[in-house]
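Okay, here's what each chain looks like letter by letter:
There are 2 protein chains.
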Amino acid sequence: MMETETKRLGKTPSIRRMSLYLSTLKSYQAKKIEIVTSADIAADMDILPIVVKKDLQLVHPPTKKRAGYLVNGTIKAITTFLGWNKPKSAILIGVGHLGSALLGYRGFSGLTFVAAFDTDVKKIGTTIHHIPVLNISNLSHFLKKRKIEIAVLTMPSEQAQSIVDILSQENILAIWNFTQTKIHVPSHIALQREDLSAGLAELSAKIKNNQ
Amino acid sequence: MMETETKRLGKTPSIRRMSLYLSTLKSYQAKKIEIVTSADIAADMDILPIVVKKDLQLVHPPTKKRAGYLVNGTIKAITTFLGWNKPKSAILIGVGHLGSALLGYRGFSGLTFVAAFDTDVKKIGTTIHHIPVLNISNLSHFLKKRKIEIAVLTMPSEQAQSIVDILSQENILAIWNFTQTKIHVPSHIALQREDLSAGLAELSAKIKNNQ
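Residue numbers (my numbering), protein chains in the order written: chain P, -2 to 208; chain C, -2 to 208.
Any given hint might turn out to be false.
Put simply, identical chains are the same to the list, so a pair is met inside one copy or across any two.
Claimed, not checked - With a straight-line cut-off of 30 Å between C-alpha atoms, the simulated BS3-like cross-links for lysine-lysine are:
| no. | residue 1 | residue 2 |
| --- | --- | --- |
| 1 | Lys205 | Lys8 |
| 2 | Lys83 | Lys28 |
| 3 | Lys61 | Lys119 |
| 4 | Lys205 | Lys144 |
| 5 | Lys50 | Lys205 |
| 6 | Lys50 | Lys179 |
| 7 | Lys23 | Lys142 |
| 8 | Lys203 | Lys179 |
| 9 | Lys51 | Lys120 |
| 10 | Lys50 | Lys61 |
The hints are simulated quantities; they were obtained by calculation from the structure and are not laboratory data.
Generate coordinates for the entire structure from the input sequences, incorporating the hints supplied.
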């Protein structure tokens, strides 16, 4: 278990880069480029070629000897590796500014929002970016009827755990937590905590290195 | 250069965890706990104690032999390491849903928004979360008068590079890019690209591991 955990942690930065590989490769695809080298990709992503090679080993991309990666096949390999060939059905809870931004975000390949939930009667019954906003009191009932795989949390922190307790009793696979609080979920539910300050920490370290 | 770059990449996950160490340590501070072990912190953050030890070595935290980390001193050490003891002055460009969410986000310790910019005459002249929204055509003039350290980009992707070209001519330290496009900046400006899909990739890998 210890070893698996360490391995998983070691792979995290590679996995976080996968969506940028996808968008970079799709830009080659748009230009009808069929083969690229790790050096090409590295230059476009501002990382080292060795990092590209190591990262892409995880997804077993098709290559052509000495010439490089086959663009279409590598896109397919990454998409399959992430399970994004079958986008996951998702709901979002808490339609504030961040929630609305995520509902309208066009960059999510692996996720399709089917509904959003809120407590505000002014929002309930409307649609945001074509996604219906439903009453949070119907959450449990909704989840019994519809197969939902991912719940995205953008409600105020103090409401998070009580909603998570409802979600935990239904058949969902994963929770993506954008609130600023730690939540507790059963181990069969995958959990990702999104910390917007993590990027600021990284930027701050870069500023320091520059000075 | 190669070695420095590799070292920097190796440290990135540790640096991204720093803000969660801060909020975890602040929760101990609120409970008047003065000393904690790496095992305590690890349990609260769902990571391994060895990761905590390795990460915190970067900031030289004060410890008490065999007892653990001094909470107040370690908060101070992380804050200083990130340069968050002196919050950076920031502007935000593009007051859509995501921009508004960031202006109102209470979790940023290292950054203070002083103004936001937009092209929409309905937004210009208003305030959002007490931050004034100014006309984007005044950006260059504003930056000559006020010392701004970080520019946060939340405008549509296709406008990003032209705004970055204006920013690059002024005296800013860093750009935090939330748009879905690659931008080019002079090397003296630190750049952080925020990719919301990176977290989704991580979550997707966890879902797969769970199945």
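Provide an ascending list of the numbers of those earlier hints which the structure does not satisfy. Those not satisfied are hints 3, 7, 9.
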